[in-house]
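Here UniProt numbering is used: the first residue of the sequence shown is 1, the next is one more, and so on.
None of these hints come from the bench; they were simulated from the model.
You may find that some hints are simply not true.
Derived Cβ-Cβ restraints for the label pairs, each shown as a range [what the hints assert, rightly or not]:
(1) His92 / Ser209: 20 to 30 Å
(2) Ile57 / Asp101: 34 to 44 Å
(3) Arg339 / Phe296: 39 to 49 Å
(4) Ile340 / Leu70: 31 to 41 Å
(5) Ser119 / Leu316: 15 to 25 Å
(6) Ser115 / Ser268: 23 to 33 Å
(7) Glu214 / Cys75: 48 to 58 Å
(8) His92 / Val179: 40 to 50 Å
(9) Pro86 / Gln125: 19 to 29 Å
(10) Arg124 / Ala212: 20 to 30 Å
(11) Arg178 / Ala212: 14 to 24 Å
(12) Ile340 / Arg138: 29 to 39 Å
(13) Ile53 / Arg178: 50 to 60 Å
Every residue gets a Cβ at the ideal spot worked out from N, C-alpha and C, and that includes glycine.
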Amino acid sequence: MNASVNVERNSWRLPPDETVQVADPRTKEEIKEDSYGDSGHNWKSIIFALLVIGFVIAGIVTAIYLLGRLTLEECLQEDLSPHRLPPAWVTHDKFVYQADDGSLALLDTSNNSVSLLVSNHTLRQLNVQGFQCSSNLRYVLFKHDVKPVFKHTFTALYTVYDVTNDHHTPLRLHASPRVQPTRLQYTAWLGNSTSLLMISDNNIFLRMSPSAPEDKRLTDTGVPGIIYNGVPDWLYQEEVLPKPEALWPSPDGSLLLYASFNDTKVTSLEFPWFGNQMGQDGASSSPAGIVKKGSFPPSKSVRYPTPGSPNPEVCLWIHDLTNITADTTNETLITSLDRIMLKPPTTLDGQ
1 MNASVNVERN SWRLPPDETV QVADPRTKEE IKEDSYGDSG HNWKSIIFAL LVIGFVIAGI
61 VTAIYLLGRL TLEECLQEDL SPHRLPPAWV THDKFVYQAD DGSLALLDTS NNSVSLLVSN
121 HTLRQLNVQG FQCSSNLRYV LFKHDVKPVF KHTFTALYTV YDVTNDHHTP LRLHASPRVQ
181 PTRLQYTAWL GNSTSLLMIS DNNIFLRMSP SAPEDKRLTD TGVPGIIYNG VPDWLYQEEV
241 LPKPEALWPS PDGSLLLYAS FNDTKVTSLE FPWFGNQMGQ DGASSSPAGI VKKGSFPPSK
301 SVRYPTPGSP NPEVCLWIHD LTNITADTTN ETLITSLDRI MLKPPTTLDG Q
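Start from the sequences and build out the full structure, keeping to the hints where you can.
And the structure:
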């Protein structure tokens with residue numbers, strides 16, 4: 001009995017512990033340094049995460065502030081409206097308009113076909129704000145970099161685009177001392193021809209073709225702010241002619257009718273000037289007077305007739321341009337140009 005009990009007791013014995021314990025070869029100082037290093041690494045991760053969260057929150061707040069609700073000023077301005085170039089008839093059966101992709105397309109109503117005239121890349125490159133096609137559709141006159149002067153008048157840069165070779169040339173008066181393009185008051189094609197009418201410093205110039213090496217001066221009496229040729233003065237552009245030009249060529253380009261405004265006897269009105277356009281083009285682009293600087297708002301002057309004072313003197317002239325050739329110089333052109341002044345009917349004398 002005892003033997004059997006001993007056997008049962010021996011069968012429940014645990015096996016001997018054969019676990020091998022390995023001692024850490026590092027010293028206590030090394031163990032402390034490693035623990036501190038892990039803690040510093042964790043702090044760097046936490047700081048980096050906080051910075052990322054801060055940048056995200058700042059971006060969200062900035063987007064909410066900048067892209068918040070529309071203000072009344074934003075609704076009244078035209079910044080949110082699509083800017084499309086106005087379409088135009090070139091001939092009785094050809095129509096030019098801006099397509100959905102921003103390019104200029106030509107619609108031929110005779111066969112109902114549409115073709116590409118100017119790519120949208122060219123229009124975006126120049127930031128075109130207006131165009132006018134020549135009657136033969138070889139050239140397109142672009143207007144860009146427009147600076148307003150008054151309600152209906154402005155100055156702008158113009159570029160001639162050649163459709164045949166995809167080349168554009170900035171317009172510059174050949175007599176200008178500057179190499180840069182000339183800021184002009186008005187430019188257009190002369191009737192159905194490829195000659196260009198240009199107005200600068202209240203004088204009218206004629207270029208026989210876009211590549212002509214010389215400009216023909218048709219007037220030499222223009223004085224900025226006083227005498228205007230081909231463009232209306234302040235009174236007539238506000239009250240009579242709601243257009244930037246006061247000239248009308250014949251369809252074939254042989255005759256030119258233009259108005260001349262003389263404000264010499266008109267009294268000057270001085271007014272304070274508020275805004276950020278004080279530094280725009282000088283006397284050649286604005287009929288206003290000299291800008292005065294000081295502690296008070298700057299002031300400008302404009303010729304404006306008051307009750308009982310003289311009005312601007314207006315004359316209508318017709319130029320015969322048929323005798324102008326490429327060899328005609330400006331000196332002989334001004335003196336020999338056939339010019340007729342249109343007089344009002346006798347029934348309007350004294351009125």
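Tested hints:
1. Hint check: His92 to Ser209, Cβ distance near 24 Å, so the stated range 20 to 30 Å holds.
2. In this structure the supplied range 34 to 44 Å holds for Ile57 paired with Asp101, their Cβ-Cβ distance being about 39 Å.
3. Between Arg339 and Phe296 the Cβ separation comes to about 46 Å, which falls inside the hinted range of 39 to 49 Å.
4. A hinted range of 31 to 41 Å for the beta carbons of Ile340 and Leu70 is inconsistent with their spacing of about 56 Å.
5. At about 42 Å, the beta-carbon gap between Ser119 and Leu316 misses the expected band of 15 to 25 Å.
6. Distance hint check for Ser115 and Ser268: the Cβ-Cβ separation is about 53 Å, which falls outside the suggested range of 23 to 33 Å.
7. A C-beta distance of roughly 50 Å is found between Glu214 and Cys75, which places it inside the suggested range of 48 to 58 Å.
8. The hint said 40 to 50 Å for the Cβ distance between His92 and Val179, and at roughly 41 Å that hint holds.
9. Restraint check, Pro86 to Gln125: a C-beta distance of roughly 20 Å satisfies the suggested window 19 to 29 Å.
10. The beta-carbon spacing between Arg124 and Ala212, approximately 29 Å, falls within the hinted interval of 20 to 30 Å.
11. The supplied range of 14 to 24 Å is met by Arg178 and Ala212, whose beta-carbon atoms lie about 19 Å from each other.
12. The beta-carbon spacing between Ile340 and Arg138, approximately 32 Å, falls within the hinted interval of 29 to 39 Å.
13. Taking the beta carbon of each, Ile53 and Arg178 are about 55 Å apart, inside 50 to 60 Å as hinted.
The structure fails hints 4, 5, 6 (numbered hints given earlier, in ascending order).
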